[in-house]
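With the sequences and hints as input, model every part of the structure.
Number of protein chains: 2
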Amino acid sequence: MLATMLADTATDWAAYARAVLVRAGHHRGAARERLIDLLARQNCALSAIEIEDALRRGRRGQRPVGRASIYRTLELLHAHDLVIRLDVGDGVARYEPAGPTSEHHHHHLLCDHCGRLVPFEDAALERSIEKLSDRLGFRTTDHEVTLRGDCPDCR
Amino acid sequence: MLATMLADTATDWAAYARAVLVRAGHHRGAARERLIDLLARQNCALSAIEIEDALRRGRRGQRPVGRASIYRTLELLHAHDLVIRLDVGDGVARYEPAGPTSEHHHHHLLCDHCGRLVPFEDAALERSIEKLSDRLGFRTTDHEVTLRGDCPDCR
DNA sequence: CAGAGAACGAGACCGAGTCTCACTCTTGTC
DNA sequence: GACAAGAGTGAGACTCGGTCTCGTTCTCTG
Chain A
338 MLATMLADTA TDWAAYARAV LVRAGHHRGA ARERLIDLLA RQNCALSAIE IEDALRRGRR
398 GQRPVGRASI YRTLELLHAH DLVIRLDVGD GVARYEPAGP TSEHHHHHLL CDHCGRLVPF
458 EDAALERSIE KLSDRLGFRT TDHEVTLRGD CPDCR
Chain B
338 MLATMLADTA TDWAAYARAV LVRAGHHRGA ARERLIDLLA RQNCALSAIE IEDALRRGRR
398 GQRPVGRASI YRTLELLHAH DLVIRLDVGD GVARYEPAGP TSEHHHHHLL CDHCGRLVPF
458 EDAALERSIE KLSDRLGFRT TDHEVTLRGD CPDCR
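Chains as they are written, first to last, in our numbering: chain A, 338 to 492; chain B, 338 to 492.
If you are wondering where the hints come from, they were derived from the structure by calculation, not from laboratory data. Take the hints with a grain of salt, since some may be wrong.
No copy labels: a pair is met if it fits in one copy or bridges any two.
Straight-line C-alpha distance at most 20 Å; calculated SDA-like pairs for lysine to any residue [unchecked claim]:
id, residue 1, residue 2
1, K468, R431
2, K468, E458
3, K468, R492
4, K468, R485
5, K468, P489
6, K468, T478
7, K468, D487
8, K468, T483
9, K468, G486
10, K468, C488
11, K468, N380
The following block contains the structure:
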């Protein structure tokens, strides 16, 4: 049941992303299609290198996806707010689906031990960041919270 | 007056940092001394490259400071919690003084327009992050909040 | 179906950060 | 003070995410 929900969510995001790009006047292309499919299957951030590895070893017969196409597509998706770019401090950018039909806005815990990235969401945190912006007089468009510590598995 | 305060704070941090390193059994060395002096004069984050530029053009007669020494020293300072490593998402690590006698723990607003990094601190935010960790059952050692938006100058 | 131009892949290139190694300097000991 | 041990240092080669270029391939429109 959960799997079905996730699958549906994934399909929704992929369809939504494609619709946005087509409406913006973009052609379709093999690299883009496969990258969108890959991202749609994830539930947390994926680094460009992981994406490259996954798409480079294409299935038999498929043309491999070039590195340039991956970065180009990620940039395009990011420009249309279809993807969130995440920096955790290890010098590697990570990307995850975003937008109306994707999972909720969330943040991350980076485990000091195993290096795993654990997503979490918290309404109270969102509220207090909103109030914070008002208090400081900043007009903010986005924010990012990263906790460092021990993930549940490593405690 | 403010200048004097800042100067004192800077001196304090530099002295504190040196004391911590000596107590840990480290020798002194020209590169380290100059890097500590440089950091002590800053009030916000400095990238390794900016540090390298500043120290490479050493004053007449001084031996230039090598890149390896800079990264080594920054790593050492970080290991002793004398410095905070900050990642803003542009692929460049930034460092700023930290510890008992330095400025308070703070976070940053990254301006979408001018790219400036504006430090701020907020006790309510700290409290809500603390409560958040408890609520989620994470044991956190550190956290980082980055807001994106327009800085006061660019509004 | 043909042309325009968007999308693509290979690979050269860039630059922040790491590693190595021979040299220099600080520190403790006599 | 002289000295030895070994911590600290600088030059430069190297790594590896990420960018850029360019000739080719593919998609869409007419």
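Hint check:
1. In the homo-oligomer, the alpha carbons of K468 and R431 never lie at most 20 Å apart, since the shortest distance is 28 Å inside one protomer and 27 Å across protomers.
2. In this homomeric assembly, K468 and E458 come within 20 Å of each other (Cα to Cα) both inside a single copy, at 17 Å, and across copies, at 14 Å.
3. Taking the shortest Cα distances, K468 and R492 sit within 20 Å of each other only across copies (19 Å), while inside one copy they are farther apart (32 Å).
4. In this assembly of identical chains, K468 and R485 lie within 20 Å of each other by CA distance solely across copies; the values are 15 Å between and 23 Å within a copy.
5. Taking identical chains as interchangeable, the C-alpha atoms of K468 and P489 lie at most 20 Å apart only when they sit on different chains, with a minimum of 17 Å there against 30 Å within one chain.
6. Proximity of K468 and T478 under a CA criterion of 20 Å is satisfied intra-copy only: 14 Å inside one chain copy versus 25 Å between copies.
7. Proximity of K468 to D487 under the C-alpha cut-off of 20 Å is restricted to the inter-copy arrangement: shortest distance 16 Å between copies versus 28 Å within a copy.
8. Proximity of K468 to T483 under the C-alpha cut-off of 20 Å is found in both arrangements, the shortest distances being 19 Å within a copy and 15 Å between copies.
9. Taking the shortest Cα distances, K468 and G486 sit within 20 Å of each other only across copies (15 Å), while inside one copy they are farther apart (26 Å).
10. With identical chains, the CA atoms of K468 and C488 are at most 20 Å apart between copies only, with a shortest distance of 17 Å across copies and 28 Å within one.
11. Proximity of K468 to N380 under the C-alpha cut-off of 20 Å is found in neither arrangement, the shortest distances being 29 Å within a copy and 26 Å between copies.
Against the hints set out earlier in the document, violations occur for numbers 1, 11.
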